[in-house]
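As they're listed, the protein sequences go chains A and B.
All the letters of the first sequence, read from the start, carry residue numbers 1 to 240 under full-length UniProt numbering.
All the letters of the second sequence, read from the start, carry residue numbers 1 to 240 under full-length UniProt numbering.
Since the hints were made in silico from the structure, they are not lab data.
Each residue gets a CB set at the ideal place from its N, CA and C atoms; glycine is no exception.
Just to be clear, a hint being listed does not mean it is correct.
[Said to hold, decoys possible] Covered by chain A, per the in silico footprint, the following chain B stretches (three or more residues, Cβ under 8 Å):
no.	region
1	42-54
2	127-133
3	178-191
[What the hints assert, rightly or not] In silico EDC-like pairs for lysine to aspartate or glutamate, Cα to Cα no more than 20 Å straight-line:
no.	chain 1	residue 1	chain 2	residue 2
4	A	Lys40	B	Asp180
5	B	Lys239	B	Asp180
6	B	Lys111	A	Asp180
7	A	Lys40	A	Asp64
8	B	Lys111	A	Asp64
[As the list claims (entries may be wrong)] Estimated spans, in silico, between C-beta atoms of each pair:
no.	chain 1	residue 1	chain 2	residue 2	range
9	B	Asp180	A	Phe26	25 to 31 Å
10	B	Asp223	A	Ser153	31 to 37 Å
11	B	Leu129	A	Gln209	26 to 32 Å
12	B	Glu112	A	Gln208	49 to 55 Å
13	B	Asp223	A	Asn114	30 to 36 Å
14	A	Phe207	B	Ser191	24 to 30 Å
15	A	Pro171	B	Ala23	21 to 27 Å
There are 2 protein chains.
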Amino acid sequence: MANPTAAMLVIGDEILSGRTRDANMFYLAGELANHGIDLKEVRVVSDDAQAIVTAVTALSGQYDQVFTSGGIGPTHDDITADCIARAFDAHLDVRDDARAILAEHYRASGKELNAARLRMARIPEGATLIENPVSAAPGFTLRNVHVMAGVPSVFQAMVASVLSTLTGGAPLLSQTLRVDRGEGDIAETLSQVAETYTDLSIGCYPFQQNGAFGANIVLRGTDGARIEAAMNALVAAFKE
Amino acid sequence: MANPTAAMLVIGDEILSGRTRDANMFYLAGELANHGIDLKEVRVVSDDAQAIVTAVTALSGQYDQVFTSGGIGPTHDDITADCIARAFDAHLDVRDDARAILAEHYRASGKELNAARLRMARIPEGATLIENPVSAAPGFTLRNVHVMAGVPSVFQAMVASVLSTLTGGAPLLSQTLRVDRGEGDIAETLSQVAETYTDLSIGCYPFQQNGAFGANIVLRGTDGARIEAAMNALVAAFKE
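Using the sequences and the accompanying hints, generate a full structural model.
This is the structure:
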C-alpha cells in the first residue's frame, strides 16, 4: 500500500523577505520520512489572507495531510486561524477549552491574559487542539490540516504531538554511495539501475571537493532488501 | 508604482525527503529584496514531471518572474528542461550554442562530452542561455521563467546573471526594533501603528532568551522616511 501523502504550508513574510532562514521545513521533512508519510509539496506564502486561503484549500484537497507553520501568535499579522476557518467555512471564536489553557498559563507566570493574548484562544469550531508544552497557546487540527506555530521549538513539539496521532506507512529508508567521479561519468549507469529498480527513487547529488568532482548517489524506498540489491548493482558497476 | 512580483520553484526530492536543507530559497529571497522584486510565493516539488509542469504553469501565469532551482544536471532524474518545454509547448533538443559551451569546457578539462553530459545542452527553442561561470552547463530563460541549477554556488552565479537583466522596483528597506517584552504585551501597540502605516509591513518575531520573552519588530517598506516615522512612533509608545 502506498504511504499517505502530505504537504506543508509555511506562512510568513519573514521567510519571503529574506530576513529569516526557514528551519521548520527541514525538520518536518525528516520527521515525515521517519514516520512513513511522503512529503510531496511545500508552499511558502506571505501573511496575506487570500494567499493563505487559496493555498490551504488547494493542498488540503490534494494531499492526505497538510501541516502549516506560522501566524498563530497574538499580533495583528497572525491571521492563520482566520484563514483556515474561512477556507473550511467554520465559525471562529474564543473557545473555552483554549481559554482555560491560556488562563492557567498566564496565571502561573504572573502575566495578564489581555485581549491580544486571548486572540490565541480563537479556535475554529470542530477543530481539536494541539498541545503546546513550550508556551501554552495551542495549535489545532481541522479536518486534515494541522495548524502549528512558526517558532521552531514550539513547531517541533507540536509536530511530535500530531504525528503520534497519525497512522504512517513504511518509513522511508535510504542508502548513500559516494562516488569520486563527475556526475556526467556515472549518469548512464544510474539510468540503467533506475530502469531495473522502478520502485526505488535514485537521486544523484554532485559536489566538488578540493577541486575534484564527486557525487552522492542516494537510493530511497521502503523495501530494505531492494535498496540493498540496487546498491550492490551500483557498486559492481562502478568497480568495472 | 508597485514592485514586480516573483515566485520561486524548488525542484528536488532531496529537500522533500529531509536529506538536504535548502539553501537557495534564503539566498534568492535576500537578493530579490535588495533588487526591488517582491518574492510572493515559493513552492517545493519533487522530481515528478506532472508536479513540475503544473507548478511552473501556475506560477508563470500568476507572477511577473519565476525562478527555478534544480534538476538541470546530466542524470536521469534531471527533467526540469523537459518539463519547462512541455509547459510552454516549446521544442526541446540539443542546441548548438549550448553544445559549443560544453564542448569547450570539457575539452579544456580533458573530459569526454558523452551522451549524459550532452543532455545539459538540451535547451527549449526560443530560450536565452544563462551563463554558468562555475561548471559551464548553462541555465536558460524561457518567457518569464529562469531555469537554474540547484548546486548553491552555480545557482548564486546564475541569479546574479539574471538579476542584471531585470528591472527591479524600489529596494525593500527594513528597520528592526528589539523589545524585551512578551509579544502579548506589545500586540495592541503594533495594531495601532499598523493601522496608521498601511503602506508598511510590520512583523513581530518573538524569541526567548535566558528565560525571558522578547520580540523583534520589523518594519518593511520602500519609503525610508515612512519607516523612520513608524519606528519613532513605536519607540515613543514603548517608553510609556
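Against the structure, the hints:
no.	hint	verdict
1	42-54	holds (count 7)
2	127-133	violated (count 0)
3	178-191	holds (count 9)
4	Lys40(A) x Asp180(B)	violated (39 Å)
5	Lys239(B) x Asp180(B)	holds (12 Å)
6	Lys111(B) x Asp180(A)	holds (14 Å)
7	Lys40(A) x Asp64(A)	holds (10 Å)
8	Lys111(B) x Asp64(A)	violated (47 Å)
9	Asp180(B) x Phe26(A): 25 to 31 Å	holds (29 Å)
10	Asp223(B) x Ser153(A): 31 to 37 Å	holds (35 Å)
11	Leu129(B) x Gln209(A): 26 to 32 Å	holds (28 Å)
12	Glu112(B) x Gln208(A): 49 to 55 Å	violated (19 Å)
13	Asp223(B) x Asn114(A): 30 to 36 Å	holds (32 Å)
14	Phe207(A) x Ser191(B): 24 to 30 Å	violated (48 Å)
15	Pro171(A) x Ala23(B): 21 to 27 Å	holds (26 Å)
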